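Please put together the full structure from these sequences, using the hints given.
Number of protein chains: 2
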Amino acid sequence: MTESATDNYRTLSVDSVVDYLRSVESVASLLGDNVDDWSVNEIGDGNLNLVFLVQGPNGSVIAKQALPYLRVRGEGWPLPLSRAFFEYEALTREEKRAEGMTPQVLHFDRDMALTVMEFLSPHIILRKGLVRGIQFPRLANDLGLFLARTLFRGSDFSMNAADKRADVALFAGNDGLCAVTEARVFTEPYFDAELNRWTSPQLDEVVAGIRSDSMLKVAVHEMKTLFMSKSQSLLHGDLHSGSVMVTEDDTRVIDPEFAFYGPMGFDVGALLGNYLLAYIAQSGQATGDDDRIAYSNWILKMAEETWTTFENEFRNLWHTERTGELFPSHIFGDDDADATERALTNYLKDVLEDSIGFAAAKMMRRVIGAAHVEDLESIADPDRRAECEKRVLSLARSLILNRKELSGASDVIALTREIGARD
Amino acid sequence: MTESATDNYRTLSVDSVVDYLRSVESVASLLGDNVDDWSVNEIGDGNLNLVFLVQGPNGSVIAKQALPYLRVRGEGWPLPLSRAFFEYEALTREEKRAEGMTPQVLHFDRDMALTVMEFLSPHIILRKGLVRGIQFPRLANDLGLFLARTLFRGSDFSMNAADKRADVALFAGNDGLCAVTEARVFTEPYFDAELNRWTSPQLDEVVAGIRSDSMLKVAVHEMKTLFMSKSQSLLHGDLHSGSVMVTEDDTRVIDPEFAFYGPMGFDVGALLGNYLLAYIAQSGQATGDDDRIAYSNWILKMAEETWTTFENEFRNLWHTERTGELFPSHIFGDDDADATERALTNYLKDVLEDSIGFAAAKMMRRVIGAAHVEDLESIADPDRRAECEKRVLSLARSLILNRKELSGASDVIALTREIGARD
Numbered sequence: 001m002t003e004s005a006t007d008n009y010r011t012l013s014v015d016s017v018v019d020y021l022r023s024v025e026s027v028a029s030l031l032g033d034n035v036d037d038w039s040v041n042e043i044g045d046g047n048l049n050l051v052f053l054v055q056g057p058n059g060s061v062i063a064k065q066a067l068p069y070l071r072v073r074g075e076g077w078p079l080p081l082s083r084a085f086f087e088y089e090a091l092t093r094e095e096k097r098a099e100g101m102t103p104q105v106l107h108f109d110r111d112m113a114l115t116v117m118e119f120l121s122p123h124i125i126l127r128k129g130l131v132r133g134i135q136f137p138r139l140a141n142d143l144g145l146f147l148a149r150t151l152f153r154g155s156d157f158s159m160n161a162a163d164k165r166a167d168v169a170l171f172a173g174n175d176g177l178c179a180v181t182e183a184r185v186f187t188e189p190y191f192d193a194e195l196n197r198w199t200s201p202q203l204d205e206v207v208a209g210i211r212s213d214s215m216l217k218v219a220v221h222e223m224k225t226l227f228m229s230k231s232q233s234l235l236h237g238d239l240h241s242g243s244v245m246v247t248e249d250d251t252r253v254i255d256p257e258f259a260f261y262g263p264m265g266f267d268v269g270a271l272l273g274n275y276l277l278a279y280i281a282q283s284g285q286a287t288g289d290d291d292r293i294a295y296s297n298w299i300l301k302m303a304e305e306t307w308t309t310f311e312n313e314f315r316n317l318w319h320t321e322r323t324g325e326l327f328p329s330h331i332f333g334d335d336d337a338d339a340t341e342r343a344l345t346n347y348l349k350d351v352l353e354d355s356i357g358f359a360a361a362k363m364m365r366r367v368i369g370a371a372h373v374e375d376l377e378s379i380a381d382p383d384r385r386a387e388c389e390k391r392v393l394s395l396a397r398s399l400i401l402n403r404k405e406l407s408g409a410s411d412v413i414a415l416t417r418e419i420g421a422r423d
Numbered sequence: 001m002t003e004s005a006t007d008n009y010r011t012l013s014v015d016s017v018v019d020y021l022r023s024v025e026s027v028a029s030l031l032g033d034n035v036d037d038w039s040v041n042e043i044g045d046g047n048l049n050l051v052f053l054v055q056g057p058n059g060s061v062i063a064k065q066a067l068p069y070l071r072v073r074g075e076g077w078p079l080p081l082s083r084a085f086f087e088y089e090a091l092t093r094e095e096k097r098a099e100g101m102t103p104q105v106l107h108f109d110r111d112m113a114l115t116v117m118e119f120l121s122p123h124i125i126l127r128k129g130l131v132r133g134i135q136f137p138r139l140a141n142d143l144g145l146f147l148a149r150t151l152f153r154g155s156d157f158s159m160n161a162a163d164k165r166a167d168v169a170l171f172a173g174n175d176g177l178c179a180v181t182e183a184r185v186f187t188e189p190y191f192d193a194e195l196n197r198w199t200s201p202q203l204d205e206v207v208a209g210i211r212s213d214s215m216l217k218v219a220v221h222e223m224k225t226l227f228m229s230k231s232q233s234l235l236h237g238d239l240h241s242g243s244v245m246v247t248e249d250d251t252r253v254i255d256p257e258f259a260f261y262g263p264m265g266f267d268v269g270a271l272l273g274n275y276l277l278a279y280i281a282q283s284g285q286a287t288g289d290d291d292r293i294a295y296s297n298w299i300l301k302m303a304e305e306t307w308t309t310f311e312n313e314f315r316n317l318w319h320t321e322r323t324g325e326l327f328p329s330h331i332f333g334d335d336d337a338d339a340t341e342r343a344l345t346n347y348l349k350d351v352l353e354d355s356i357g358f359a360a361a362k363m364m365r366r367v368i369g370a371a372h373v374e375d376l377e378s379i380a381d382p383d384r385r386a387e388c389e390k391r392v393l394s395l396a397r398s399l400i401l402n403r404k405e406l407s408g409a410s411d412v413i414a415l416t417r418e419i420g421a422r423d
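Residue numbers (our numbering), protein chains in the order written: chain A, 1 to 423; chain B, 1 to 423.
Hints in this document: simulated from the structure, not taken from any laboratory. Some hints here could point you the wrong way.
As the list claims (entries may be wrong) - Computed beta-carbon distance windows for the label pairs:
1) Ser407/A / Ser407/B: 22 to 28 Å
2) Gln135/B / Asn196/A: 54 to 60 Å
3) Asp411/B / Lys96/A: 44 to 50 Å
4) Gly100/B / Ala208/A: 45 to 51 Å
5) Gly100/B / Lys96/A: 45 to 51 Å
6) His372/A / Glu305/B: 52 to 58 Å
7) Arg22/B / Ala193/A: 55 to 61 Å
8) Lys96/A / Lys404/B: 34 to 40 Å
9) Lys404/B / Arg132/A: 45 to 51 Å
10) Lys404/B / Ala193/A: 33 to 39 Å
11) Ala193/B / Pro122/A: 55 to 61 Å
As the structure is a prediction and not an experimental result, all values here were calculated from the model. Beta carbons are placed, not taken as given, at the ideal position from N, Cα and C, and that holds for glycine.
Shown next as structure tokens:
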């Protein structure tokens, strides 16, 4: 189901991207027709793609091109170009399901694995905002709505069964990216995989402990089992705080190249895990001038509000938009309202349980796996960083082992304050 | 994802099937080369297909051809011919995964939606054997092994993730047949659908009660939710006692045209539900000469043994054949054995819970939905039949509402003796 570079694919450069875009009329006119006035910068900081910022006198665009290999690992780690197609397909569905919360797509070229889209400005990556201690008033509400709308409307509660089954089959083709998640999130951190790294020697003992922690490893593999066989809805698939761009009054979700039909909790948990990680990292960001305590509390408030908004909007959509084949109105009438409400509550309880488990898996891999995050990496002093990282691992362990017992977002927050708080 | 009749499809008759098969060398030589010595009978009693028994001097074959519409409903109910392809694909996988338990396929023609296969003789359909009161010594063991081997080896415990994802996508194309199950099993019995029927007036009140039984309807839709989004393994998809052919010393599973990747409990539950239904129907089969009490007990013993064999073989395969990406041996060693064993037990507990829920849904639809079964239909006296049917409905309700609390097959049998036994 994967594909490799075809004859029509060639890697763009800051020069050739101009030649390419000048022939795409809608993009050229948006930038300004005189190509000599365009400037191009390659701004990608990721692993997988080239990202060109193309600025003209009239406007700016992003041109994102998939590379046929994992950038950081060189050409020995091929990654299917088809992920650009799946990202594009996911973006079009997200735009329909959660209007205005993704960048507008201006042009897509499947052969070139290239998507040209709206340049978001003055947006910054949420993760960078969290490291800098910036509050975003709309964040929790916007992300809660995004989660509820994309996840509900991509599920059997909303979609026609035939359409959903065809879409599941389509996105099953994004196998190469699912394999990356399966390896990087659920597997490699728990054995001696080549690219694992951690703050050493401070965490050496903790890592050894994790590798012999049977209960923890089993719990992670229970989450992996769900990742591979619970096709509840179309997921973003990589919804960490690096996939969110924010301003004071706008929130956009970018980069759904890992999209596939999976468990709703994987998207919810990705956000939740990144909030909790950012919360714990605050003690490492603290300075004499700014203890970051108020900001830490704000992050936890956002985590709880994101869930609450998700839950409320999901309930709202269940009551107003149940157009799929589950719990149809010709079978479930007003007299059944109490029972269907309990079914909805049980469903959301299950999503929460999954979210907690996936959040924990995602937190741990950022400390002991291959791909780390700025929240922790920006803490220069290794002892101080390691102290935060130990709290991340300890909280993650409690979360995943107690995921069935935690009955609401407030329980998660309480546990986080208990285990994740600085001394 | 469905397809309709192509230019290369034509419905066969007892005459044209001979013309067709004479040109298939392997089949012709098996039957005997002189076509004049062949005899053909159309023996299909199903809804969906033509089934020709072609007998020659040297041997016999079955030629099964899909019809482009639901036979009993006429040409107004189209059904995709592609199901013959999915049946063929499922048969090849089942033969590999549970060797010797399916009919041998001799020839497949996708355009003609035609499969030519081994004629099983002196096998009879299990359902007919259960109605006649015949014991089959190998039945429970064979079916338990079939379930464990096909379900384990079609899951992420065994398959390579990429292969499984591609196969999930392939079988998502069998949408038309999944839609039949969704409608016929989970939906139509619970509202005033056109083709529902039941023993009337005896069951009128009971049916009205079911339609206003909120808890029951919710439970059935919880099972439907799992049917649509829990892609654990490749299922047979229609594993009732009419899909099993038996002799004293052989057991074969036929007709996997409903195959798709779904919850393991759907196959296990189909068999379980049909055992329980057959058990309850025995009181209707009883005569002055034969009270069928011993046979009733034998059926319950088979139900329990089928589960026990399934569970034991599933555990065995888990320990000896875990070649997939879940719980790999480079992460889980001997020190983790207790924890992984608990994970396996929890997984099987979940399969049991699903099996009980699906068994119940399948039992109910045979009494109040469109498609009934000989076990009950053969009870000529409507009062006597209705008495059995009420017990079927009552047991099914208890099973589905208590599916989380029943902790083993023996609990299911005990509940069946309590609620399902004749007065």
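How the hints compare with the structure:
A hinted range of 22 to 28 Å for the beta carbons of Ser407/A and Ser407/B is consistent with their spacing of about 23 Å. Gln135/B and Asn196/A have their C-beta atoms about 58 Å apart, which keeps the hinted 54 to 60 Å range intact. With their beta carbons about 47 Å apart, Asp411/B and Lys96/A fall inside the hinted range of 44 to 50 Å. Taking the beta carbon of each, Gly100/B and Ala208/A are about 48 Å apart, inside 45 to 51 Å as hinted.
Range check, Gly100/B to Lys96/A: about 50 Å between beta-carbon atoms, so the 45 to 51 Å window is met. Between His372/A and Glu305/B the CB atoms are about 53 Å apart, so this pair conforms to the stated range of 52 to 58 Å. Here the CB-CB span from Arg22/B to Ala193/A is close to 60 Å, well matched to the stated 55 to 61 Å. At about 37 Å, the CB distance of Lys96/A to Lys404/B agrees with the hint of 34 to 40 Å.
Between Lys404/B and Arg132/A the C-beta distance comes to about 47 Å, which sits within the given range of 45 to 51 Å. Our hint of 33 to 39 Å for Lys404/B and Ala193/A holds, since their Cβ atoms are close to 38 Å apart. The hint said 55 to 61 Å for the Cβ distance between Ala193/B and Pro122/A, and at roughly 57 Å that hint holds.
Comparing the model with each earlier hint shows no violations; every hint is respected.
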